[in-house]
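Q: Here are the chains, one letter per residue:
2 protein chains.
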Amino acid sequence: MTTKTLTKLNGLNTEQLVGTIDAIKNEPALARFQFRNKNRWVTGGENRSTIQGFYGAGQEDTSRDKPFEFTNGEPPVLLGDNEGANPVEFLLHALAGCVTTTFVLHAAARGIHLRSISTEMEGDIDLHGLLGLDDSVPAGYEQIRIKMDIEADCSDEELDELLAYSRAHSPVCQTVCRPVPVVVERVAR
Amino acid sequence: MTTKTLTKLNGLNTEQLVGTIDAIKNEPALARFQFRNKNRWVTGGENRSTIQGFYGAGQEDTSRDKPFEFTNGEPPVLLGDNEGANPVEFLLHALAGCVTTTFVLHAAARGIHLRSISTEMEGDIDLHGLLGLDDSVPAGYEQIRIKMDIEADCSDEELDELLAYSRAHSPVCQTVCRPVPVVVERVAR
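Going down the list, the sequences are from chains P and E. Mapped onto the numbering used here, the consecutive letters of the first sequence carry residue numbers 13 to 201. Mapped onto the numbering used here, the consecutive letters of the second sequence carry residue numbers 13 to 201.
No wet-lab data here; the hints were simulated from the structure. There could be a bad hint or two in this list.
Since the list gives no way to pick out one identical chain from another, each pair is judged satisfied if it fits inside one copy or across any two copies.
Listed below are the simulated BS3-like cross-link pairs for lysine-lysine, each with C-alpha atoms no more than 25 Å apart in a straight line [claimed, not checked]: (1) Lys37 x Lys78; (2) Lys78 x Lys159; (3) Lys20 x Lys78; (4) Lys50 x Lys159; (5) Lys37 x Lys159; (6) Lys50 x Lys37; (7) Lys78 x Lys50; (8) Lys37 x Lys20.
This one's a predicted model, so the numbers in the text were calculated from it and none came from an experiment.
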């Protein structure tokens, strides 16, 4: 009988990581994922999302016994009562998390041991866009700035290269940096 | 003595809405907002965001007594333990919420009374991008589809026009549809 030791680096099972990459190389369709969300308006700027199932690695995922639920809200200055963070803030949370996880993943793939990552970010929006007061002003973020403080057992040059690589391979960052088609359809009643 | 009645439509204070728009018309700098997020890596695909202050309407907001906190995680098939929804799922939550709130806001501005909004959405990702296995595959979402079921006291034509307008004026949707610069910087240690 052999006992298999779980090999983890940066909290990731590196054997599973290598196994996943090999499986996708052998069967590219395993890389296709579809994520989903359901949302229901409550009132005003308050609405609630329910996230549970997704498709990936060739099958429907069933690992979540119950859904995640998140509430969007707005602060008083934006006509709300702080029922939750607002959507543009949730986007920052998604972006910070994705760049971080992409960084951690590729650090593990390179054998780099990370000790800590702390991120601060800010994004600028001009409400002329949202309010439709000036069509020359984009409604979205004008720019988002991310500052990451990273402790790791490698050189600054390796960190900088890995950070640029992570920015270029982070799904959320590349959804923000590049134009991604959003198809909005109304259900006929 | 006069008693002022609070005029609400779709849960929004329409007097405050008109007042906000007038204030921005008189002083355009009031429309400048800066949103922020702090994130800390926990381990593997788990990290946590803290969202509290922001700048907007000419001042630092102080309406939130304590921060909102959100945890990104990953499902087992993506090397995690479902510590939270994952970043690309949080992006869907942000997007659904923003299109909904933009719709509710402009419905109120037009005097349209809404009864309900339910949204289902899905987004496709090919992990060849994230994993760096094929540089011709974008790391981000390939496409996001949103289906909205809306009950309101107006015609289908008005709903369709308002929905197209909301898509074009939603900050998160316009951050996804259009390329937005993301500047990533490493803090020197």
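Q: Hints numbered earlier in the text: which of these fail when held up against the supplied structure?
A: As far as the earlier hints go, 1, 3, 5 and 6 are violated by this structure, in ascending order.
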